[in-house]
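There are 2 protein chains.
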Amino acid sequence: MKIAIDAMGGDDAPQAIVTGVERFLKEDSQTQIRLFGPQAQLTELVTPSPQLTVVNTTQIVEGNDEPVAAIRQKRDSSLVRAAEDVKTGQADGLLSCGNTGAILAAGIFVIGRIKNVERPALMPTLPTSMVGKYYNMLDVGANAEAKISYLTQFAQMGSIYAADLRGIKDPVVKLLNIGSEPHKGDPLHQKAFAAISQLAGINFQGNIEPTELFQGAADVVVTDGFTGNAVLKTLEGTMKTILHLFKNSLVDGNLKTKIGALLVRGNLSNLANQFNNSRFGGAVLLGVNAPVIKGHGNSQPETVYYAIKQVKEMIEGQTVQKFKDLYQ
Amino acid sequence: MKIAIDAMGGDDAPQAIVTGVERFLKEDSQTQIRLFGPQAQLTELVTPSPQLTVVNTTQIVEGNDEPVAAIRQKRDSSLVRAAEDVKTGQADGLLSCGNTGAILAAGIFVIGRIKNVERPALMPTLPTSMVGKYYNMLDVGANAEAKISYLTQFAQMGSIYAADLRGIKDPVVKLLNIGSEPHKGDPLHQKAFAAISQLAGINFQGNIEPTELFQGAADVVVTDGFTGNAVLKTLEGTMKTILHLFKNSLVDGNLKTKIGALLVRGNLSNLANQFNNSRFGGAVLLGVNAPVIKGHGNSQPETVYYAIKQVKEMIEGQTVQKFKDLYQ
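Heads up: the protein sequence lines correspond to chains B and Z, in order.
Just so you know, the first sequence maps onto residues 926 to 1253 in our numbering.
Just so you know, the second sequence maps onto residues 926 to 1253 in our numbering.
Misleading hints may appear alongside valid ones.
One copy or two, either will do: identical chains are not told apart, so a pair holds if it fits within one copy or between any two.
[Said to hold, decoys possible] Straight-line distance between alpha carbons at most 30 Å, and here's what the computed DSBU-like set of lysine-lysine pairs gives:
| no. | residue 1 | residue 2 |
| --- | --- | --- |
| 1 | K1040 | K1058 |
| 2 | K1058 | K1181 |
| 3 | K1234 | K1072 |
| 4 | K1012 | K1109 |
| 5 | K951 | K1109 |
| 6 | K1109 | K1040 |
| 7 | K1234 | K1158 |
| 8 | K1109 | K999 |
| 9 | K951 | K1181 |
| 10 | K1183 | K1058 |
| 11 | K1094 | K1183 |
| 12 | K927 | K1181 |
| 13 | K1181 | K1072 |
| 14 | K999 | K1172 |
| 15 | K1183 | K1172 |
| 16 | K951 | K1172 |
| 17 | K1058 | K1172 |
| 18 | K1058 | K1158 |
Derived by calculation from the structure, the hints in this document are not laboratory data.
Just so we're clear, the structure is a prediction, and the values are computed from it rather than from any experiment.
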């Protein structure tokens, strides 16, 4: 098994990527890692290993590059070269922590969409307020537009992933909507509700409202890319703001507060850890011809490590083949 | 000036409503309050006042009633009767803390839409991470469907409200979208961006992403009712979950944690207060023929008090007349 990794994507690349790769290789004696980036820079950072190949590339897709243009123009970027490696079968899956739009474009235009999948979807694994209980939400922004048929495929692909990668029997699938009854929402969501209800083999249990996302009532949450992206960004923004404000109020407080802060510090960091997404790996681009994982832009070595494991598990589980079997 | 109040809507009605009304009347010697509900029950609760009239009604719209059916069938409910009071000119504005959908239906079907307003919008005032800095977001769910022309009117009405009621000169208007550049989002949001840019007298400053809502960059955030409702529910759910989990972790902790909790208790409640929406009044239904305010379902007397003041200010400011001048 070979995994292609873009060493140059992410806020702390390439150091965080390299450290994550090395942690992975300490535990794994089978997988080959193909690391894409400027050879001179990378060879200084990496510890040589028979499982690790550095592939020299001369360009970098930046965070603010226009995605499709970057993929077309930066043919020798670490991202495009890593994606081409997967396309040509030199590697079996791709990980990048770089520009999300460019990773989607590389997945869709270089590695390619699975035949009869209308639109690939981006799907993170997200925490609930119950320790150890997560859900997958898709699409969170691979597509700005939505059709009913996209949503039914998202339900199928999300369900297969949750069963396959998370080992959940008959994953509970819900539709993100602004009310619980079947007639709620706009016509798209009303019709998607009816269409998903008709799907064979899907344990569809109706609508879920955004207020309920933390309650662990769904294993897979289906949504259109616009709503999913807006809800995900609201979740992240709110969580970050509250924890930040609370930390600040403790640090800036009087002596009494500062002593209190020392005593509850552990609780605050436990809470932050519960919602820390590093162990959930990255967001998966479902519906393309190979496992493609987008790690968080501020990925630290631990996140990179878990994301590599996630690519490996998707390759081992032949999840992509299951999508192909379903649609072809 | 006369304000019609539904005494029976909300989790703690009628007690919380009556107490809020009485607090308001202590400070105000001009406004007439017309309080709708079962006379026998209400006269036991209220302190008689020459400014307060109890109007007897025999039915109640419940929280889980289907909104439009409830408005049609419960003609003698406190909500419908209060709305009819406004329609016939007996009162100048309406407050209810009851069933949101039913309040919207009462506003639209009983009090009536302003001519040439395509769709009324529901608009709360929301906190940012900066103390004293708020924003209005509309629509948060009066409409599940969206058209470009609805969004341009939301920009206009929201802007007039922010200038009028919050005293902001040239309120900064932004469009809620899943990216910052003008071409981001689905075709609806791309076209709405262009259309709002063309509006005279609107200080439009482009897109705002949900992660930025807490940063205070906009006075008015324009969105379609589906996205707005989903984002608002995500905000509320996330905030409630984080604060709840942190409080629980303190209460359930060891002795060290419990002592720490006592010392930081003030900080935690300050933070909760900063995001407590009671002082922001209620959500306004903009675009109907009179001020209609929907107070939060769990409104306490303080919330009711501020929401009555908000109705009064909208009546005094002749905000509805300004909408009529714009569209007629």
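Results of checking the hints against the structure:
In this assembly of identical chains, the alpha carbons of K1040 and K1058 never lie at most 30 Å apart, being 33 Å within a copy and 50 Å across copies at closest. Taking the shortest Cα distances, K1058 and K1181 sit within 30 Å of each other only across copies (28 Å), while inside one copy they are farther apart (36 Å). Proximity of K1234 and K1072 under a CA criterion of 30 Å is satisfied in neither setting, with 33 Å inside one chain copy and 44 Å between copies. In this assembly of identical chains, the alpha carbons of K1012 and K1109 lie at most 30 Å apart only when taken from different copies (29 Å versus 42 Å within one copy).
For a Cα distance limit of 30 Å, the shortest separation of K951 from K1109 qualifies neither inside one copy, at 51 Å, nor across copies, at 42 Å. Taking the closest pair of Cα atoms, K1109 and K1040 come within 30 Å of each other only across two copies (27 Å); inside a single copy the shortest separation is 32 Å, beyond that limit. Within a single copy, K1234 and K1158 get their C-alpha atoms as close as 25 Å, which meets the 30 Å cut-off; across copies the closest is 34 Å, which misses it. In this assembly of identical chains, K1109 and K999 lie within 30 Å of each other by CA distance solely across copies; the values are 22 Å between and 45 Å within a copy.
Proximity of K951 and K1181 under a CA criterion of 30 Å is satisfied in neither setting, with 46 Å inside one chain copy and 38 Å between copies. Taking identical chains as interchangeable, the C-alpha atoms of K1183 and K1058 lie at most 30 Å apart only when they sit on different chains, with a minimum of 27 Å there against 33 Å within one chain. Taking the shortest Cα distances, K1094 and K1183 never come within 30 Å of each other, neither inside one copy (47 Å) nor across copies (40 Å). Taking CA atoms no more than 30 Å apart as the test, K927 paired with K1181 passes in neither setting, with 55 Å inside one copy and 49 Å between copies.
In the homo-oligomer, the alpha carbons of K1181 and K1072 never lie at most 30 Å apart, since the shortest distance is 56 Å inside one protomer and 54 Å across protomers. Proximity of K999 and K1172 under a CA criterion of 30 Å is satisfied in neither setting, with 42 Å inside one chain copy and 50 Å between copies. Proximity of K1183 to K1172 under the C-alpha cut-off of 30 Å is found in both arrangements, the shortest distances being 11 Å within a copy and 18 Å between copies. With identical chains, the CA atoms of K951 and K1172 are never at most 30 Å apart, being 36 Å at best within one copy and 40 Å at best between copies.
Taking identical chains as interchangeable, the C-alpha atoms of K1058 and K1172 lie at most 30 Å apart whether they share a chain (26 Å) or sit on different chains (20 Å). In this assembly of identical chains, K1058 and K1158 lie within 30 Å of each other by CA distance both inside one copy and across copies; the values are 20 Å within and 21 Å between.
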